[in-house]
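Using the hints provided, position chain B relative to the given structure of chain H.
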Amino acid sequence: MKKNMAFVGMFGSGKTEIAINMAVKLAKKGERVALADLDYVSPYFRSREKKPLMEEFGIEVVVPPGKYIWADTPIIPPETFGILSNKNIVAILDVGGEEDGIAVLGYLRAFMKYTAVYFVVNTRRPFTNTVDNIIRYYEKLKSRARVDFDYLVSNTNLGSSTTEDIIKEGEKTMEEVSKRTGIPVAFTAVPDFLEDCDCRFEKFVVERYMKLSW
Amino acid sequence: MGEKVMVKGTEAIGEAAIRAGCRVYFGYPITPQSELTEYMSRRMEEVGGVFLQAESEVATVNMMYGASSVGARVMTSTSSPGFSLMQEGISYMANAQLPAVFVDVVRGGPGLGDIQPSQGDYFQIVKGGGHGDYRLPVYSPSSLQEAVELTIHAFDVADKYRTPVVIFADGMMGQMMEPVEFPEPIDPGTIPEKDWALTGAKGREARYVTSFDIDPYKLEKMNLELQEKYKKIIEEEQKWEEFMTEDIEVLFVAHGTVGRIVKSAVKIAREKGIKAGLFRPISLFPFPYKRLSELSEKVDVVMTVEMSSGQMLEDVKLAVLGKARTPFYGRLAGVIPTPNEIFEALMKELRR
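The listed protein sequences correspond, in order, to chains H and B. Counting from 1, one number per residue, gives the positions in the first sequence under this note's numbering. Counting from 215, one number per residue, gives the positions in the second sequence under this note's numbering.
Extracted from the complex, chain B is given alone in its bound form:
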């Protein structure tokens, strides 16, 4: 690890990608992530990579398809409306089994919405905003140091499983500043060669990268291969953090920035003698159902907190399966909940 530097979230993620050997970036500016695109425009020049500002998000995702097809570690970053525009291409990439990293710095919606932080795109990011039977590994960091680690991890997971991966950040994560230590950069030359990439067929069998098969039986086979892959991802790639869960009476579930705010709410509750704890899913797909299910057996209340109307809540309910009450507290449209507000919401539920 190098020396500590003071960075914004967007810069932390951009630099982490460079350190992970990413040398190809396509993007289109949109608040609140434009600094990431700007950062990459400077850094790619310094490291001899490719930076290209596309004419739109639709163009961006198709450029990524192309670059990934020839074996490059490729990334883009966008915010909610821009991510919506990329969905068709992401679905194509999922079935063509193309690794890539997408960063979605989520802002208030729906529609044009506003430019404040939000988690209202959980359904879109985690459950698939594009068409067809596909899933994407999704990571939700709650500190900038974690954002660095998860971005690097995302490239490895993308290559390992040949799949697009999403970093789910909200506007707050993108804009806030914290000291961060970056690991030593890896040499892009040491990334294992991809035996499926389109590198020129001279002297070998031709390879194909496609999401298409006109024969339904063959297409079904392609689909089943994807499903096998997702099963393996579910078995091997779950990540979560537990905060003060050893002696819990009540449990909060929150991800990303909200996870961090809820930690303060947990401390307030503990000062008042309520043994609260936090379960923070880090991988949203695969969602850590099993561990949350185990924890929910110890409590009567599992309270989900999100900057949305209750989207992750559905996954929490699938984990808890009626073993505890599952109330919800959320703020919408870019309003950030405060620790006190969350504590009050818990008290209201406990008095019921």
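Isolated chain H, as found in the complex:
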């Protein structure tokens, strides 16, 4: 059984927000959860910035040691291998964006047996705005990762300007992507202020953690 989850996708597709929300949700349900921030391509807005918050929920947060949390260098903390293999832990991988970010999965390939890979898409982002574009980058990322993807995640949003129509428009596109790729949409991410909206797929309500300080 695939107990772990890896969130992958293009820059700014919402991987980090979904990874943190998933970790918190599972921790609240009493699971033993560890989140590894493997994003070595973004300089900021990474899940490591929310380490204290996640630790309050009892989540083990795996990040590069000491001052290196501020770097954008390819450091894979050795604990990553442990949490992927330990059957008592649900490991959540927050993977960096695009081809360069996802390359880490190839490196972890021998340890990915228990990990389902979720391809996160916001159809209001450049380069993933049409079915053809999404499939193009789906293929690109998959070949770079050297692992198969298990699920799609519909995460169409405009931040605090998201509306129900925008979510639905994204789901429609993702349904078509699902047909063409043959992999299912695991869930639709919905901001907490729209938690009552109707969804075509399973609904996953997300709280915004990566807020700006003003």
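Since the hints were made in silico from the structure, they are not lab data. A couple of the hints might just be wrong.
Said to hold, decoys possible - Okay, the calculated beta carbon distance ranges per label pair:
hint, chain 1, residue 1, chain 2, residue 2, range
1, H, PRO78, B, LEU266, 33 to 41 Å
2, H, PRO52, B, LEU546, 18 to 26 Å
3, H, ILE69, B, ASN554, 21 to 29 Å
4, B, GLY487, H, GLU56, 30 to 38 Å
5, H, LYS2, B, ILE488, 55 to 63 Å
6, B, MET436, H, ILE69, 46 to 54 Å
7, H, GLY82, B, GLU485, 44 to 52 Å
8, H, GLY182, B, GLU269, 42 to 50 Å
9, B, LEU266, H, GLU56, 43 to 51 Å
10, B, GLU269, H, ILE69, 29 to 37 Å
11, B, LEU546, H, GLU56, 24 to 32 Å
We put the CB at the ideal spot given by N, CA and C, even for glycine.
For chain B alone, coordinates are given in the frame of chain H:
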């Protein structure tokens, strides 16, 4: 305007350049702006433009000199240490009167510094980091929608005055995400022809693009022409925003991302009964001295807030000219000030 999309600052600026008819981009990756270079590598292919990753920033700026000489709308983007490397070429371009847009996504310094957001390159960008008597129009956006508008405007200003123009963004502006609407793209074919560009002299007089004259009297004449141009830019191109300044008792001055953070500090102050306001320069050259001078007559305290040790502060003092106290609050090296911290700094000053 098209539909709203969710973009990073680096993508907003890149797409705006495409929409402004820019079809030539040279660049070299550096954090925190590499996504802009990456964005352009994808988009230039789609729109049939030229993307070239140079071997260094020194090469980049000289490629820009070449492309601009033949009339292209050309852009690059870099971050602090990379911008330092471009200075010689920028000075050459300023005197050769070559339009171009430079995006500097400023990070913590000096030296190698770090990769966090900063405004510590104000002196370099606004006062000229290269040699000689030149100035560059500089725009500092505080939202991604504004970054789109200013990038498009920068190309027009560059062409109108035949000068390099800088978009001063900090790392936060480059990396944050917001919904943005882009205007319809202009057709590069409709950009007015440049009657000075080197397009082949067959059948006409030869043209020259140079920053050189061995005769000091002639070089002085070239210099005076530049100064005339800067005078006109100062008269015509000042931009600023005023936030809650109608009834001010105290005034903040901040630009870019910090301007946005200070708006929250203004609201905190207003909740506590202090009539605070914000003056946000959008053009840093030309700095809006006159309007800031007028506003400073209404208050005793004009407090400057920057992610630096106090660089724009010097321009604020030149505007205020002693009419009010000019305290400063800043964070360095990539640390971002919080609204509460700024409010506390104001309170400390008001209790003095």
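Right, here's what the structure says about each hint:
Checked against the given bound of 33 to 41 Å, the beta carbons of H/PRO78 and B/LEU266, roughly 40 Å apart, stay inside it. Between H/PRO52 and B/LEU546 the C-beta distance comes to about 24 Å, which sits within the given range of 18 to 26 Å. The hinted window of 21 to 29 Å between H/ILE69 and B/ASN554 holds, with their beta carbons roughly 24 Å apart. At about 35 Å, the CB distance of B/GLY487 to H/GLU56 agrees with the hint of 30 to 38 Å.
Distance hint check: the CB atoms of H/LYS2 and B/ILE488 are about 57 Å apart, consistent with the given range 55 to 63 Å. Under the hint 46 to 54 Å, the C-beta atoms of B/MET436 and H/ILE69, about 51 Å apart, fit the expected range. Distance hint for H/GLY82 and B/GLU485: a CB-CB separation of about 49 Å, consistent with the stated range 44 to 52 Å. The hinted window of 42 to 50 Å between H/GLY182 and B/GLU269 holds, with their beta carbons roughly 43 Å apart.
Judged by the Cβ atoms, the range 43 to 51 Å given for B/LEU266 and H/GLU56 holds: they are separated by roughly 48 Å. One distance hint, 29 to 37 Å for the beta-carbon pair B/GLU269 and H/ILE69, holds here, with the actual separation near 31 Å. The given range of 24 to 32 Å is respected by B/LEU546 and H/GLU56, whose C-beta atoms sit roughly 30 Å from each other.
Of the numbered hints listed earlier, not one is contradicted by the structure.
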